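Q: Sequence:
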Amino acid sequence: AGEASALLVFQHGFTRACGHLRGTSRQLMAAGLLVLCVEAPMAGGNPALAGDLARQLAALRTAPDGRALPERIIVAGHSAGAAFAAALGAALVEIAPERLAGALLFDPVATERFEANLRTVSAAGRRPVWAALAPPHRCNAMSNALPALRRIRSEALAAQRDGFVGMRLGGAATHADIEGEDSDGLAALACGRPRAEQITQLRALAVAWAHDLALGQGRRALTIDGAQPIE
Numbered sequence: 001a002g003e004a005s006a007l008l009v010f011q012h013g014f015t016r017a018c019g020h021l022r023g024t025s026r027q028l029m030a031a032g033l034l035v036l037c038v039e040a041p042m043a044g045g046n047p048a049l050a051g052d053l054a055r056q057l058a059a060l061r062t063a064p065d066g067r068a069l070p071e072r073i074i075v076a077g078h079s080a081g082a083a084f085a086a087a088l089g090a091a092l093v094e095i096a097p098e099r100l101a102g103a104l105l106f107d108p109v110a111t112e113r114f115e116a117n118l119r120t121v122s123a124a125g126r127r128p129v130w131a132a133l134a135p136p137h138r139c140n141a142m143s144n145a146l147p148a149l150r151r152i153r154s155e156a157l158a159a160q161r162d163g164f165v166g167m168r169l170g171g172a173a174t175h176a177d178i179e180g181e182d183s184d185g186l187a188a189l190a191c192g193r194p195r196a197e198q199i200t201q202l203r204a205l206a207v208a209w210a211h212d213l214a215l216g217q218g219r220r221a222l223t224i225d226g227a228q229p230i231e
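Residues in the sequence shown are numbered consecutively from 1, following this note's numbering.
The set of hints was computed from the structure by calculation and includes no laboratory data. Please read these numbers as outputs of a predicted model, since none were measured by experiment. Glycine included, each C-beta is placed from N, C-alpha and C at the ideal position. You may find that some hints are simply not true.
Label-pair ranges, simulated between beta-carbon atoms [as the list claims (entries may be wrong)]: (1) G226 - D162: 22 to 30 Å; (2) A1 - G171: 38 to 46 Å; (3) A59 - A196: 36 to 44 Å; (4) A68 - D225: 37 to 45 Å; (5) G66 - G19: 35 to 43 Å; (6) R161 - E71: 21 to 29 Å.
With the sequences and hints as input, model every part of the structure.
A: Printed below as a string of structure tokens:
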């Protein structure tokens, strides 16, 4: 309700659905963001859909309820949805770079061109890229996104910009924590069952990061128990 501070495209992971992000999305909306999730296959991060959506968003001026769309767009995603977010962000850079506020990645799984897309989004730290990773597990391809994130961080530091913030979550964290109570038995069996404390902390971090990106502010100092910075 009311005027939104930014549009946050929040994409679900591989074999998942938007309903698995419902509770987190509601908290983001309560913080003043307009949230969009697209029900779609996420194999390989679905770069074709990311390109199509970028073109639609660049041309769209009103939300389905008639409200004006916010100018600032945040690309966000979980797992393979994070690769989609990187592709969407890279496409927006080519079409409407002034509208892209940054990227939020939750336990990303790197796919083809993930690093190249994220470099385009980051522009050596000019735009924020903030990421939270669960411990290595088969569900996150043994944290296969970590090397790319480290290189993105190094590029930002070399340019003397604080445009990358990443954290590796503690041992109790699971790949599905961002789904919270909306996760299901399949995810619990394959990836581990999210616990209430981790869900609460990760959602608070997601809301704070998204809020600060929407307003163009620097990252606030928030921590999660047992988390270590990506270095």
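Q: Report the numbers of all earlier hints that the structure fails to satisfy, in ascending order.
A: 5
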